[in-house]
Structures are given as structure tokens and as C-alpha cells.
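Heads up: the protein sequence lines correspond to chains A and B, in order.
When we follow my numbering, the leftmost residue of the first sequence carries the number 1, and every step to the right adds one.
When we follow my numbering, the leftmost residue of the second sequence carries the number 266, and every step to the right adds one.
Hints in this document: simulated from the structure, not taken from any laboratory.
There could be a bad hint or two in this list.
[What the hints assert, rightly or not] Simulated DEER-style distance windows between Cβ atoms:
#, chain 1, residue 1, chain 2, residue 2, range
1, A, Thr253, B, Val475, 54 to 62 Å
2, B, Ile507, A, Asp192, 36 to 44 Å
3, A, Arg191, B, Gly407, 51 to 59 Å
4, A, Asn42, B, Leu417, 54 to 62 Å
5, B, Ala275, A, Leu121, 52 to 60 Å
6, A, Leu121, B, Lys287, 47 to 55 Å
[As the list claims (entries may be wrong)] Within a straight-line C-alpha distance of at most 30 Å, the following computed DSSO-like cross-link-like pairs (lysine-lysine) qualify:
#, chain 1, residue 1, chain 2, residue 2
7, A, Lys234, A, Lys193
8, A, Lys73, A, Lys193
9, A, Lys188, A, Lys118
10, B, Lys409, A, Lys51
11, B, Lys300, A, Lys73
12, A, Lys118, A, Lys73
[What the hints assert, rightly or not] Some chain A residues flagged as far from chain B (calculated, every beta-carbon gap over 12 Å):
#, residue
13, Ser14
14, Asn27
15, Val56
16, Gly68
17, Arg72
18, Gln88
19, Asp91
20, Gln122
21, Thr126
22, Arg213
23, Pro263
The C-beta atom is built at its ideal place from N, Cα and C for all residues, glycine as well.
Chain residues, written in single-letter form:
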Amino acid sequence: MPSEPTDLLLQDVSFSYSGGFALHNINLFVPTGQMAGLLGPNGSGKTTLLKLATGVLTPADGNVLVGGENLRKLSRREVAQKIAVVPQQFDIPFAYTVEEVVLLGRTPFVRGLIGDDKKGLQIAITALDAAGMIEFRNRYFNELSGGERQKVVLAMALAQEPTLLLLDEPTAHLDIAHQIEILELLRKLNRDKKVTVVAAMHDLNLSALYFDRLVLMDHGSIFADGSPDAVITKEIIFNVFSASVEVSRHPKTLVPQIMILPPNH
Amino acid sequence: MFGLAIAVIAVMLLSVSVGPIKISVMDIAKMLLHKIGLYGNTSGWQPTQETIVFQVRLPRVIGAALVGAALSTAGVLFQGLLRNPMADPYVIGTAAGAAFGAALAMLLPLSVVFYGFGLVPIAAFLGALGSVLIVYRLARFGGKAPIVSMLLAGFVVSSFLVAIVMLLLTMSDRLGLKLQQVFSFLMGGISVTYWQQITVIAPLVIISIVVTRFFAGHLNGFSVGEEGAAYLGINVEREKIIILGIGSLLTACAVSIGGLIGFVGLIMPHAMRLILGPDHRFLLPASALAGASFLMLADLLARTLLNPAEIPVGVLTALIGAPFFIYLLRRTRREYAF
Numbered sequence: 001m002p003s004e005p006t007d008l009l010l011q012d013v014s015f016s017y018s019g020g021f022a023l024h025n026i027n028l029f030v031p032t033g034q035m036a037g038l039l040g041p042n043g044s045g046k047t048t049l050l051k052l053a054t055g056v057l058t059p060a061d062g063n064v065l066v067g068g069e070n071l072r073k074l075s076r077r078e079v080a081q082k083i084a085v086v087p088q089q090f091d092i093p094f095a096y097t098v099e100e101v102v103l104l105g106r107t108p109f110v111r112g113l114i115g116d117d118k119k120g121l122q123i124a125i126t127a128l129d130a131a132g133m134i135e136f137r138n139r140y141f142n143e144l145s146g147g148e149r150q151k152v153v154l155a156m157a158l159a160q161e162p163t164l165l166l167l168d169e170p171t172a173h174l175d176i177a178h179q180i181e182i183l184e185l186l187r188k189l190n191r192d193k194k195v196t197v198v199a200a201m202h203d204l205n206l207s208a209l210y211f212d213r214l215v216l217m218d219h220g221s222i223f224a225d226g227s228p229d230a231v232i233t234k235e236i237i238f239n240v241f242s243a244s245v246e247v248s249r250h251p252k253t254l255v256p257q258i259m260i261l262p263p264n265h
Numbered sequence: 266m267f268g269l270a271i272a273v274i275a276v277m278l279l280s281v282s283v284g285p286i287k288i289s290v291m292d293i294a295k296m297l298l299h300k301i302g303l304y305g306n307t308s309g310w311q312p313t314q315e316t317i318v319f320q321v322r323l324p325r326v327i328g329a330a331l332v333g334a335a336l337s338t339a340g341v342l343f344q345g346l347l348r349n350p351m352a353d354p355y356v357i358g359t360a361a362g363a364a365f366g367a368a369l370a371m372l373l374p375l376s377v378v379f380y381g382f383g384l385v386p387i388a389a390f391l392g393a394l395g396s397v398l399i400v401y402r403l404a405r406f407g408g409k410a411p412i413v414s415m416l417l418a419g420f421v422v423s424s425f426l427v428a429i430v431m432l433l434l435t436m437s438d439r440l441g442l443k444l445q446q447v448f449s450f451l452m453g454g455i456s457v458t459y460w461q462q463i464t465v466i467a468p469l470v471i472i473s474i475v476v477t478r479f480f481a482g483h484l485n486g487f488s489v490g491e492e493g494a495a496y497l498g499i500n501v502e503r504e505k506i507i508i509l510g511i512g513s514l515l516t517a518c519a520v521s522i523g524g525l526i527g528f529v530g531l532i533m534p535h536a537m538r539l540i541l542g543p544d545h546r547f548l549l550p551a552s553a554l555a556g557a558s559f560l561m562l563a564d565l566l567a568r569t570l571l572n573p574a575e576i577p578v579g580v581l582t583a584l585i586g587a588p589f590f591i592y593l594l595r596r597t598r599r600e601y602a603f
């Protein structure tokens, strides 16, 4: 699928909401085909950074480039043909079927009065299949469980055939089986189709297991950036989360894993 | 969809046929064919019948069809865009604006006829569009008009304008305002007296409905919310303006010949959604056709049930519509599962 460069580059990006919260001078380069996890406490700026990367927020200063193209110069439609987003919250008020929801992912490719997108249905079905949800295609989206819904939303993003996939806490509120399933899916997509993946995550251990690179944010800036080994350390975690943890190695995969130490212990 | 189109024609012929003077459906069909030159024999009917059909009933029936189609389409647009099942064509201030405009016009001692329209329908049309502009302007902040702000601004502006209308009503004696006239506007009733009115409204309504087809896919995209719609490549603020503009124009057209007819624009979209599902590519045309049939039928009953008195059609839309909708709701429950 993606043969074009799909790297994400944030150059000296600053942004502030009118309420006061701000991102300061963010520089971040995610090369084509990387799978990066975005970590940080609540309110550290992960979601804002993702929204800047999607172009729905425009930086006050600096530029966001995807595959070398400045998002300021692309239309929403052009952006949506490159970048798919799995947002933190996804709800739909009417009784859409799973297949109809996934077909929404084809929106940026539909042309003209009749809505010509001949390959659309085939691509949507392939995406449903990749997400393991093909047998749910005629079910109503709103009747599915949280884990099933998240897989459908992911399938909808896949139907956009993105070169860059941005996800905001894709495993939040899911049981461990579904968390693993979602992350395996992302990894497969990243490896087989060379889709660049950037996901905001809360679970440090899962992140260390699945992402080659972790970017840790704090108070609107990047605090640490590197391999799990470089980012998941006792000192860094304490500095950013004010939480005491012990860090050890996973016995099989050897990536760092934290164990929480309650304050009065 | 084909069935619905047939239904529109059937209801139209039936509506033209029924009245104080009964004219058979066959004769009407022949008259219509004769009019467009496909049928030569004129011996089957009397000239008075022809006058009744072409000068009295047909304009009114077509007017009812246009109003029904316009309100149902506007209802689909607003419910889809605002993601609110309680939205109707009047939700962002059109009804109150139209009532305000109409009441003001009734106060003025002017008699204007413009393309077959009197001052009241023109003022209602302008009032409807004007109030939407105010609502949009009030809701807009920093280049964005979030949907919640728009619903709230719509509610506030509506309340304010309704209060003024109420004030005018209480002072009706002093102002010389005819209460009967205001009430008949508020309850809704098709009033088409000139073909000219149809020739102005019909193109506006039909073109607007056809144009909605371009936005059907994007209305589906709006179902996932404004943020989600942006991720699907939709230029949210621009399309919001266009969709609101078309919906408001349709509503303004409807109030200018029908007054404030309730229920059609709320219920027809839901009824079609229950039957066909939420995909706007089918929902929009189906609602337009169903709304046209429904309102022609309601108007037929409105003018025949208590003949020679006329029941406000807004009363009938709710009287027929509510039980019909309850039936659909009980039978097909998929819409409201969560």
C-alpha cells in the first residue's frame, strides 16, 4: 500500500488553547514505518499533539509535515487520504451497521454526485477482515461490546488506507485480551503494510512491549524520547508521574516492565 | 424508493379528485395528459371541472407536496448534522423567526403582492432565514460554530422571538392584530392561491433537495461528530454552513406557503430511518417523497373532514402522524437500541 514517504515531522510546534494550556516548542520526527508510543500523565499534551498531527488543530508557531508535505497546504480531504485517526471517543447516534460504519472510512475517496468509489466496498470488507470483524458486518454498531466497537473503529480507519495512523488511547477501557488484540493488529499493520503508527498510551508495560520508540510528554513538552530501555526508568517515571516504581526486565522479551510501589510501603 | 414515487403520484391524483365536487381520477389523469398534449379527446369532462382541477386543487395539492418534501428533507438535514433525534426543521430558530416576521407583517397596513406572495409569507420567509443567521452568528466564536452552541443559541433566539409574538398577541386589541389570522399561521395550513407561488417555490425546493444528494455521504460522516467528520476529510465549518443554509431555505419556503406545520419534519425522517436505516443517500430522497405524500394526505383530510370548515393541517399531521409513528416504533426497534 504506502510506497510514498509517510514520516511525521513536527518542527518547533507551539500551540495554546485560549484557556491557557500550551504545547511548547515541540520537535518530533517519526520516520516512515516506525511505531511510536506517546506517553505522559493526563493533561500532558498527548491528545493536543495528536490533534496537531492530524491537522484539526493548527499550530500557532512551527509546522507539521507528513511525508514532507506541510499540513497547512493540504485540504481536509487530502489530509484524510493520508492520515487516519482513531479518536479517544467514538459514538454514533443512529443505528448504523458495522459495515456502514467501516464504509465511512471511504468518505475522503468518494467522488461526485452518485458517490463513485467502486473499490470502496471491497476495501471496507478487507479492512473488516483484517480487524477480525467480518462476521459482524451486518450487526448494529451500537449493540457491540466496547472491544468489538474499537476493532470496528480501527477497521474504519484502515478503510481509509492510511499511510500514517494516529490513535488516541486505543486500548483504554478494554480487557487485556482486547488490548493485546488491538496492539497485535497495529503491529501487523505496521510490519506488513509499512503504515507509520503513532499512538497515545497509558499502560507503560504494554507500551514497552509493543512500541520500538516511546515519547514521554510532561507539561506540554517532550520530557524523554527513545527506546523503551531509555524511557522506562525508575527516575524518569518518578519525575514525570510522581509515582514510585521498580523497573525490571520482562523474563521472556527482556523489555523494561514497571512494578508499582505504593507510597507508604 | 420507486414505490414511494408511485405513492406520491397516487396520493396527488386522489387529493385532486376528492372535494366538494368529486372528479374521477381517470378524468384528472386524462386532463393532465391533455394538458401536455398526449390526449386529444376533451369530451369526457366539463370546463368547470377543468377549472377546479387546474386553478383550485392542483396548485394547493402541489403546494402541500412541496411543503411536505421540504420539511422532511430539512428535518433529515438538521437531525443528521446536529446528531440530535429531537431536531426538527424549526430547531435553530426558523419557526420563531417566521412567526415573528408573519406577525409583524400582519400589523402593517400594507398590501403587497410580489410574485403571487402577500406580505405575510414574504415576511415569514425572511424571518425564518434571518433568525438562522442570527443564531449562527451568535454561536460562532473563533471561526467555529460548535453544534451545542448552535442548539443553545437557537433555543434562546426562539424563546426571545416567541416572547415578542406573545406580547403582540396580548396587545392585539390595541394593535388591531387579527388573532384568528395569527393562529392560523401558527397552526399551519397550506395556502396557495396563485400558480405563481408554485413556480417560485417549486424550483427552490426541488433544486435544494437535489443538491442535498451531494452532501449525503458527508452527512453520514457527520454522524461520528464534528471532530470525527474532520478526520474523514470533511471541511466541517464550510459544510455545516451549506447544510444549514439548504435546510433553512427549505424550511423558509415551507413556512411561506404552509405556515408553521409541525410534526412532519420531525417524524418523517425518523419513520424512514426506522424502515431504511440511517444512510443519508437513501434517507434524503425517501424522506422527501414520503413527506410529500404524507402532507398531501393530511391536507386532503384537513379540507374534507369537517367540510366546509377547514381543520388546521398542523393538527392533522400530529393526529395521523403520532399513531403511525408509534406503530413503526413498536414494530421496528433498531433505531433506538443503545
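The hints, checked one at a time:
no.: 1; hint: A:Thr253 x B:Val475: 54 to 62 Å; result: holds, 59 Å
no.: 2; hint: B:Ile507 x A:Asp192: 36 to 44 Å; result: holds, 40 Å
no.: 3; hint: A:Arg191 x B:Gly407: 51 to 59 Å; result: violated, 42 Å
no.: 4; hint: A:Asn42 x B:Leu417: 54 to 62 Å; result: violated, 28 Å
no.: 5; hint: B:Ala275 x A:Leu121: 52 to 60 Å; result: violated, 35 Å
no.: 6; hint: A:Leu121 x B:Lys287: 47 to 55 Å; result: holds, 51 Å
no.: 7; hint: A:Lys234 x A:Lys193; result: violated, 35 Å
no.: 8; hint: A:Lys73 x A:Lys193; result: holds, 26 Å
no.: 9; hint: A:Lys188 x A:Lys118; result: holds, 27 Å
no.: 10; hint: B:Lys409 x A:Lys51; result: holds, 16 Å
no.: 11; hint: B:Lys300 x A:Lys73; result: violated, 57 Å
no.: 12; hint: A:Lys118 x A:Lys73; result: holds, 28 Å
no.: 13; hint: Ser14; result: holds, 18 Å
no.: 14; hint: Asn27; result: holds, 24 Å
no.: 15; hint: Val56; result: violated, 5 Å
no.: 16; hint: Gly68; result: holds, 20 Å
no.: 17; hint: Arg72; result: holds, 14 Å
no.: 18; hint: Gln88; result: violated, 10 Å
no.: 19; hint: Asp91; result: violated, 7 Å
no.: 20; hint: Gln122; result: holds, 17 Å
no.: 21; hint: Thr126; result: holds, 18 Å
no.: 22; hint: Arg213; result: holds, 24 Å
no.: 23; hint: Pro263; result: holds, 37 Å
Going through the hint list in order, the structure does not satisfy hints 3, 4, 5, 7, 11, 15, 18 and 19.
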